[in-house]
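Participant: Next come the chains, spelled out residue by residue.
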Amino acid sequence: MSDDVLTRIDAAPRRHGRRRPAVAVLVDVVLVVFGVLMLSPLVWLIVQSFTEPEFAFADPPSWLPIPFTAQNFVDVFEYMPFFQQFGNSLLLAVISTGGSLLFSVLAAYAFARIDFRGSRILLVVMLSALMVPAQLVIIPIFIMMRQLGLIDTLTALWLPALINVFQIFFLSQYFRTIPRELDEAARIDGAGHFWILFRMLIPLSGPAIAALAILGFEASWNGYFGPLIFLSSPENMTLPLGLVTLQNGFGAAPAVVVFAAITMVVVPLLVAFLAFQRQIVESVASTGLKG
Amino acid sequence: MSDNASVRRPGALLQRRRTEAAGWLFVSPAVLLFLIFVAGPFVFAIVLAFLKWDLLTSPEFAGLANFERLFTDPLLPRVLLNTFVFAFASIVTHLVFGLLLALAVNQVVSRVLGYFARVAIFFPFLISWAAVALLWKYVLDPTFGYVSQYAAMIGIDLPNFFTDPAWAMPAIIFIDLWHTLGFTFIIMLAGLQTVPAELIEAARTDGATSGQIFWNVTLPLMSPTMFFATIITFIGAFQIFDPIQIITKGGPQDATTTIIMYLYEKGFQAFDMGYAAAVAILVFVIIMGVTILQFVGRRKWVYES
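If you're matching them up, the sequences are chains A and B in order.
Mapping of the first sequence onto my numbering: position 92 corresponds to residue 92, and the numbering continues sequentially without gaps.
In my numbering, each number is its position in the second sequence, counted from 1, plus 291.
Simulated from the structure, these hints should not be mistaken for laboratory data.
Some hints could be false.
Unchecked claim - Here are the computed lysine to any residue pairs in the SDA-like style, where the Cα-Cα straight-line distance is at most 25 Å:
#1 K343/B - Q247/A
#2 K343/B - E235/A
#3 K540/B - L148/A
#4 K343/B - L91/A
#5 K343/B - R146/A
#6 K591/B - I578/B
#7 K343/B - P234/A
#8 K591/B - A219/A
#9 K540/B - V376/B
#10 K540/B - V438/B
#11 K591/B - P461/B
#12 K591/B - T434/B
#13 K343/B - L270/A
#14 K540/B - A272/A
#15 K540/B - W592/B
#16 K540/B - G149/A
#17 K591/B - S232/A
#18 K540/B - F435/B
#19 K343/B - P41/A
#20 K343/B - F34/A
#21 K540/B - W458/B
#22 K343/B - N248/A
#23 K540/B - P133/A
#24 K343/B - F519/B
#25 K540/B - K591/B
#26 K540/B - F328/B
#27 K540/B - D152/A
#28 K540/B - I491/B
#29 K591/B - I491/B
#30 K591/B - F519/B
#31 K343/B - A186/A
#32 K540/B - F225/A
#33 K343/B - A252/A
#34 K343/B - S319/B
#35 K343/B - F198/A
#36 K591/B - L512/B
#37 K343/B - A255/A
#38 K343/B - A219/A
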């Protein structure tokens, strides 16, 4: 799929001046209603988390935080090490995404630009791994990490995430679209492989790398299966696992506190999404990857 | 060819060697990681399926016992049925709603409405399953959730979705739709942009109705996108795990135990590693088989220009 999907989404034909048929207006109304219904659980979430515990989850439902309180958010910190877990999630996402992108960029450069023996077979073998479900390899990786004493550490999660075959494939395809004459010209001027890759190809691949970075970060930030099997102590957990533990561990937190914690995860995400909407939507549309 | 040339010119031979070395140097970190964390574990998983190992005592060779269990396990047919029901429902609901919403948003003139609709439909996809599952556990709760509260006001008595064996799976399907619809929607919207506007204008000029244009122009041109969405949705849906582990733990009465949930129980709760590996291999074979079947069936319904 081409990389200007969103530009064209935004530039969808606007038929100004022509009277729109009644059906089109009806479709608009349906979209408004649908959008409101889609967002209603999130509005309800935020409202309850700002409501005093004995008035939250009222019947009939309340859509305003009355009586208002911020105490639920203060209480979150009594039940979970929120900032510690936020830091863990951030560290994991940055190392996994940054590390895998670095190795992917190097490998993609070799596959796209250096004619070395065996490169085709190597790429095919690596690509065939895309069909292998993550759960198949995670069993041996679990046993491996157990032998290495890395259970309940973030290392067990970011180490296997350093290899990302899809990134290698996507980047090598992208590099191939950049004219090779540019390499030749740079080489005549005395540039080596590293210069060509880091000073020329990477700057020219901004949208592709941004898309992969966003998706990689999102997958790591939201991941649940890996943290669930590897992490056990609250101070080592990532946010998704911390949230789930909050409501079913020993001394489970009250519902309003769970809601406050979810709000603390969702609202910054919403802000980030509104700020980078174009890039985020673009990355999903251009790579077609599910988180 | 290049080999012949290098024999003739010694400088070229050196150049050739340097190119070989550079190529392998650049791929070596990725290849090393691939061997340790993908290829190695893949082979190890196959070996594991022939072993009986609880990680506490030493492993024993089990022959084909784990694979035989796949056929005799009384729970597995139910688990596979649950998984296929979920995957099928997921594909149908995502594709139908994703396409309809993309068509709807595509005809919107107001910039504000377009922005609002895209944000509302897409944003849930970015939230972690953990947060989504916890939230919806309350939204659909019979006493605390507003869905049941509003339903009761108009005289509808909704069931307790997550404890009723008949309703637990539909509820999970619904929550999954809310969460991942945005993905399908964006893919469909991107696909719609590839349908040439001139073609639609031409059909309209020739007097085609909106319905005719949809069925004869838009839909055929969208079929490659829908094919892609079907494959991706199937692969994702077949591996559904997070909301089930968080909300129902496979219950009530195994009504929501899907194959990955089952694998998790066997491997990481019962530490029945050999059998878990056999189940994982079954997942691999099914996903590969269905994907191949879809590519074979592709000719029947996907339009290629």
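Participant: The structure should be examined with respect to each hint, and the outcome stated for every one.
Facilitator: Status of the hints after comparison with the structure:
The suggested pairing of K343/B with Q247/A is violated, with an alpha-carbon distance near 35 Å, which exceeds 25 Å. For the suggested pair K343/B and E235/A, the alpha carbons sit about 34 Å apart, so the restraint of at most 25 Å is broken. At most 25 Å may separate the alpha-carbon atoms for a hinted pair to count; K540/B and L148/A exceed this at roughly 30 Å. At most 25 Å may separate the alpha-carbon atoms for a hinted pair to count; K343/B and L91/A exceed this at roughly 37 Å.
Distance check on the hinted pair: K343/B and R146/A sit about 18 Å apart at the alpha-carbon level, within 25 Å; holds. Between the alpha carbons of K591/B and I578/B the distance comes to roughly 20 Å, so the proposed pair stays at or under 25 Å and holds. Note on K343/B and P234/A: the hinted pairing is violated, with a Cα-Cα distance of about 32 Å set against a maximum of 25 Å. Restraint check for K591/B and A219/A: not satisfied, since their Cα atoms lie roughly 34 Å apart, outside the 25 Å limit.
Taking the CA atoms of K540/B and V376/B, the gap is about 17 Å. The hint holds against a cut of 25 Å. Pair hint K540/B plus V438/B holds up; C-alpha atoms about 22 Å apart against a cutoff of 25 Å. Only pairs whose Cα atoms come within 25 Å are accepted, and K591/B paired with P461/B is rejected, the gap being roughly 30 Å. The straight-line distance between the Cα atoms of K591/B and T434/B is roughly 49 Å, outside the 25 Å bound, and the hint therefore fails.
Proximity of K343/B to L270/A is assessed by CA-CA distance (about 47 Å); at most 25 Å being required, the pair is judged violated. With a C-alpha separation of about 32 Å, the suggested pair K540/B and A272/A falls outside the 25 Å cut-off, and the hint is violated. For the hint linking K540/B to W592/B, the alpha-carbon distance of about 38 Å lies beyond 25 Å, and the restraint is violated. Distance check on the hinted pair: K540/B and G149/A sit about 28 Å apart at the alpha-carbon level, beyond 25 Å; violated.
Taking the CA atoms of K591/B and S232/A, the gap is about 50 Å. The hint is violated against a cut of 25 Å. Restraint check for K540/B and F435/B: the C-alpha separation of about 21 Å stays at or below 25 Å, so the hint holds. A threshold of 25 Å between alpha carbons decides the hint, and for K343/B with P41/A the separation of about 46 Å lies outside it, so the pair is violated. For a cut-off of 25 Å, the pair hint linking K343/B to F34/A is broken: about 52 Å separates their Cα positions.
For the suggested pair K540/B and W458/B, the alpha carbons sit about 15 Å apart, so the restraint of at most 25 Å is met. The suggested pairing of K343/B with N248/A is violated, with an alpha-carbon distance near 32 Å, which exceeds 25 Å. With a C-alpha separation of about 21 Å, the suggested pairing of K540/B with P133/A holds against the 25 Å cut-off. For the hint linking K343/B to F519/B, the alpha-carbon distance of about 39 Å lies beyond 25 Å, and the restraint is violated.
Under the criterion of a C-alpha separation no larger than 25 Å, the hint pairing K540/B with K591/B is inconsistent with the structure, at around 39 Å. For a cut-off of 25 Å, the pair hint linking K540/B to F328/B is broken: about 29 Å separates their Cα positions. This hinted pair checks out: K540/B and D152/A have alpha carbons roughly 22 Å apart, not beyond 25 Å. Among the hinted pairs, K540/B with I491/B is inconsistent with the structure: their alpha-carbon atoms are about 49 Å apart, more than 25 Å.
The suggested pairing of K591/B with I491/B holds, with an alpha-carbon distance near 24 Å, which does not exceed 25 Å. For the suggested pair K591/B and F519/B, the alpha carbons sit about 15 Å apart, so the restraint of at most 25 Å is met. Distance restraint check for K343/B and A186/A: the Cα-Cα separation of roughly 58 Å exceeds the 25 Å cut-off, and the hinted pair is therefore not satisfied. The suggested pairing of K540/B with F225/A holds, with an alpha-carbon distance near 14 Å, which does not exceed 25 Å.
Distance restraint check for K343/B and A252/A: the Cα-Cα separation of roughly 37 Å exceeds the 25 Å cut-off, and the hinted pair is therefore not satisfied. Among the hinted pairs, K343/B with S319/B is inconsistent with the structure: their alpha-carbon atoms are about 35 Å apart, more than 25 Å. In summary, the hint linking K343/B to F198/A is not supported, as the alpha carbons are separated by about 49 Å, beyond the 25 Å threshold. Restraint check for K591/B and L512/B: the C-alpha separation of about 14 Å stays at or below 25 Å, so the hint holds.
Between the alpha carbons of K343/B and A255/A the distance comes to roughly 42 Å, so the proposed pair goes past 25 Å and is violated. For the hint linking K343/B to A219/A, the alpha-carbon distance of about 33 Å lies beyond 25 Å, and the restraint is violated.
In this structure, the earlier hints numbered 1, 2, 3, 4, 7, 8, 11, 12, 13, 14, 15, 16, 17, 19, 20, 22, 24, 25, 26, 28, 31, 33, 34, 35, 37, 38 are contradicted, and the remaining ones agree with it.
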